[in-house]
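2 protein chains.
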Amino acid sequence: MLNYEKIFAERTRLMKASEIRQLLKWVSKGNVISFGGGMPDPKLFPKEEIAKITYQIISEQGEKALQYGPTEGIEIFRKEIFNFMHKENIKVKDADHIIVTSGSQQGLDILGRILIDPGDVIIIELPTYLAAINAFKIYEPKLIGIPVDEEGIKTDILEKKVAELIRNGEKIKFIYTIPTCQNPTGLSMSLDRRKHLLEIASKYDLLVVEDDPYSYFLYEPVKVTPLVTLDNEDRVLYVSTFSKILSPGLRLGWIAGEKQIIEKISIAKQSMDLCTSTLTQYIAAEALRQGVIERHIPKVREVYRKKRDTMLKALEEYMPEGCRWARPIGGMFILAWTPEKIDTKKMLLKCIKKYKVAYVPGQSFYVDGSGTNTMRLNFTYPTVEQIDKGIQYLSEAIKEELQSS
Amino acid sequence: MLNYEKIFAERTRLMKASEIRQLLKWVSKGNVISFGGGMPDPKLFPKEEIAKITYQIISEQGEKALQYGPTEGIEIFRKEIFNFMHKENIKVKDADHIIVTSGSQQGLDILGRILIDPGDVIIIELPTYLAAINAFKIYEPKLIGIPVDEEGIKTDILEKKVAELIRNGEKIKFIYTIPTCQNPTGLSMSLDRRKHLLEIASKYDLLVVEDDPYSYFLYEPVKVTPLVTLDNEDRVLYVSTFSKILSPGLRLGWIAGEKQIIEKISIAKQSMDLCTSTLTQYIAAEALRQGVIERHIPKVREVYRKKRDTMLKALEEYMPEGCRWARPIGGMFILAWTPEKIDTKKMLLKCIKKYKVAYVPGQSFYVDGSGTNTMRLNFTYPTVEQIDKGIQYLSEAIKEELQSS
Chain A
2 MLNYEKIFAE
12 RTRLMKASEI
22 RQLLKWVSKG
32 NVISFGGGMP
42 DPKLFPKEEI
52 AKITYQIISE
62 QGEKALQYGP
72 TEGIEIFRKE
82 IFNFMHKENI
92 KVKDADHIIV
102 TSGSQQGLDI
112 LGRILIDPGD
122 VIIIELPTYL
132 AAINAFKIYE
142 PKLIGIPVDE
152 EGIKTDILEK
162 KVAELIRNGE
172 KIKFIYTIPT
182 CQNPTGLSMS
192 LDRRKHLLEI
202 ASKYDLLVVE
212 DDPYSYFLYE
222 PVKVTPLVTL
232 DNEDRVLYVS
242 TFSKILSPGL
252 RLGWIAGEKQ
262 IIEKISIAKQ
272 SMDLCTSTLT
282 QYIAAEALRQ
292 GVIERHIPKV
302 REVYRKKRDT
312 MLKALEEYMP
322 EGCRWARPIG
332 GMFILAWTPE
342 KIDTKKMLLK
352 CIKKYKVAYV
362 PGQSFYVDGS
372 GTNTMRLNFT
382 YPTVEQIDKG
392 IQYLSEAIKE
402 ELQSS
Chain B
2 MLNYEKIFAE
12 RTRLMKASEI
22 RQLLKWVSKG
32 NVISFGGGMP
42 DPKLFPKEEI
52 AKITYQIISE
62 QGEKALQYGP
72 TEGIEIFRKE
82 IFNFMHKENI
92 KVKDADHIIV
102 TSGSQQGLDI
112 LGRILIDPGD
122 VIIIELPTYL
132 AAINAFKIYE
142 PKLIGIPVDE
152 EGIKTDILEK
162 KVAELIRNGE
172 KIKFIYTIPT
182 CQNPTGLSMS
192 LDRRKHLLEI
202 ASKYDLLVVE
212 DDPYSYFLYE
222 PVKVTPLVTL
232 DNEDRVLYVS
242 TFSKILSPGL
252 RLGWIAGEKQ
262 IIEKISIAKQ
272 SMDLCTSTLT
282 QYIAAEALRQ
292 GVIERHIPKV
302 REVYRKKRDT
312 MLKALEEYMP
322 EGCRWARPIG
332 GMFILAWTPE
342 KIDTKKMLLK
352 CIKKYKVAYV
362 PGQSFYVDGS
372 GTNTMRLNFT
382 YPTVEQIDKG
392 IQYLSEAIKE
402 ELQSS
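Protein sequence lines, in the order shown, are assigned to chains A and B. The numbering of the first sequence is the working numbering, which starts it at 2 and goes up by one. The numbering of the second sequence is the working numbering, which starts it at 2 and goes up by one.
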C-alpha cells in the first residue's frame, strides 16, 4: 500500500480536527447532557413551512432549482438577502454587493484564501470562534489576540498593538471580530468601542471582518448597530449565516461588502465548489419572501431567552464559589470561568463519564493558550430541564475537582 | 476607501475566472444555442419524485435533515453510496471509506489542499477538465500534461515522463485522470492502458486520482472497468458526483479511497464548510434507497444517446473539410478539431454574435497552451433541434473563418 503520510502536503500539519466536533460525535452516543456544540434547537425548525416551500419550488421551478447556478448565488436570493439586511438596519449597497457562501464557514475559508499570505498578521479577539481560528490557520498568518471584556474588544490595547505591529513592519490583513453576542464569551461590543474600532481601522487603513451570526437573537430590549452600518469608508466586510435564523442543514451563509472583494471571493469560490446548492438557495429565498424567517425569529428568540435565563439561574444556584460567568444579551453561549487551578480540558472526560455532562473547554478559543479554566456553555440545543440538571451536574464535577486538587 | 488590491494574497494571481462560466452568463442573455457549459438536460430531472421525497423527509425527519451533520457526511447517505458503487462494480471497502463533498469540485479542491506543496508535480491529461486545472493551480504545483488519444492517456509517454521526473528529483504527488468519457475529449481509456497506468503507478509508488462523473452514461454496449476496481494496491482514489446522475443543484459529490486519506480529507473539510448540506444528502440518500437514481439513469442515457448521435450526424453533414472530432461512447462532450489556422478562442465572439452559437474554446483544457484549434461541444443541454441547427451555424462560422484567413 501507498505510504500516504509521505505524500500529504506540509499544510496538513496545521489542520486540527475540531475538538467540538470530536466531542459531539462522542456525546451523541451516551446519555450525556451536552452544552458543547453550537446547534440550534431542532424542535424550532419551521419544518412544515420549509416542506411546503420546497415541494412547491421543486414542482414548479425544478428545472432551475435542481440545475447549476451562478457562483455568486442566485439572483432572487441575493435580492432577498439585500431586503432582509435593509430591514434589519444592516448597511449594504445593493444585491451585487452580496455573495452567497456554503455556510459562513466557507466565507471565512475564502477570506483566508484571498487575503492571507504566510506571515501576514490577522487580529482576532481573545477568545474567539474556534472554527475561524482553524479556517485562517491553514493560510499561515500570525494570529494576534486582543482581549475582550464586558464592552467587547479592548480597543485601547488594540490601538497600541496595531501601532506596534506597523512600526515593526508587520502586514496586518484584517481585524476579525464578532461584535454582537460574541462566540465564545456571549459578550457584545459597546457603541463607543465600535466607533473606536472603526477609528483605528480608518487611521491605519485596515479591513474589518464583522462576523454576525447572532445579532438577530437579542433577548434584551437593547439596540445594537452593526459595524458595517457605522462604517463610512467601505472597510467593513459583513459575514453572516442562515444556520441560526432558519436551518444549518441548508448550508447557507453570505458575505456583503465592497464589489471589488466580492468579485474576488466569487472567483476563488468557483474552484472551491462551483456554486452553493441552488435548491437550498431557492428554499431560503422563498422563506425570506414569504416572511417565514421574519415570523420564525421572534419565536426562537422567546425560547432561547427562556433557556438563557434558565442557565443563568442554574449557574447562580449551583456553581461553587470562585466561579463566574458572562451574562449575554443574546446569541447561543455563556462563557464560564472556574477557579484558576481547574483545567477544564482535563476535567472534561470525567464530566462526560461520571457526571454525564459536556461542554467545550475554553482554551481552544484562546489563541495564546490561556483560558485553561474556562468553558463554553451552549444553551440553545439542550432542553430547559436538561439545562437545569446539566448545570447541577457540572457544578458537582467542579466541586469534586476543587476538593481533589 | 480601502485599497483592496494592496491586501489581496499573492495566490489570487493564480485565480482565473472560468471562461466557461463567464461564457454561460453571457449566452444566457441572448438567443444563442450553447454547446458551452456541462449542464445536464433540466427537463430530465426527476422533479416529481424529488419533490415528494423532500416533502416527506422534511416533514418526518426535519429535525435531523435541517440540522448540522457530520463532516464526512450523514451515515445513511454514505451507506447508500456504498451500495450504489457496489452495484456499479466500483470497488470500495465499506461506507467508512467514503466521504461526501459539496460537489466533486470541492473534492478536487480538497485534494489540492491536502496533497500539494508548491513545486510538487501533478500529472494530468492533455487536455483535461478545466476546473480541475483551476482547482489544483491555487496550490502551485507543476502541472505536467500527458497526451490522450483514442485509447486514453498515452501510457508509454507517461512512463517515460514519470521516470524522467523522478530522475530529476521531482516529487510527483498524483496522477489525475478521467479514464471514462474524458472531459473534454469524450474519449475512454482502453483496458490495456488502464492496466499499464496502474503498473506505472505501482512501479513508481504513485497515487492515482480517478475522476469518474460519466461512466454511468455509456451509450454503447461496452463494459468499462474503473481504475479503482482494477487496483489491488489501494492507490486509487475515486472521485464522483451526483450532478449528472441526479441533480447538480444538490451539490453532492463523493470521494472513496483509503481510510487514512479519507480522514485527512474530513479534517480539511471541517474548516472549509463544516459539512455538506444535510438536507440535500437526505434527499439523495432517499433517492438512492427508493431506486429513483437507478430508474433515472437509463432514461437519461436514452435521451443523451440520441443527442450525441444527432451531434455526430450533424458534424458529419455540415462540417467543412479539415475538421475532425472524437466519437465518445458516453458522457457529455465531443471535442472537435478545426484546421490548425483557426484560433477557436478568437472565433468565439463572432460565433456568438453573428452565428448565435457558443462552445468552449479547447485551449483552456490544454495546460501546455496547445489546442488552439479545438472546441468542446456539449450535447446534453441543448435540444435535438438546437444541436442540428447549432452545428450547422457553427460549420458556417468555421467556413467563413477559413475563407477570411
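Any given hint might turn out to be false.
Identical copies carry no separate label here, and so any pair may be met within one copy or between two of them.
As the list claims (entries may be wrong) - Cross-link-like lysine to aspartate or glutamate pairs, in silico, DMTMM-like; alpha carbons within 25 Å at most: (1) Lys-138 <-> Glu-11; (2) Lys-307 <-> Glu-64; (3) Lys-94 <-> Glu-317; (4) Lys-17 <-> Glu-264; (5) Lys-143 <-> Asp-118; (6) Lys-7 <-> Glu-221.
Note that these hints are calculated values from the structure, not bench results. Model, not experiment: these values are computed from the prediction.
Numbers of the earlier hints that this structure fails to satisfy, in rising order
3 and 6
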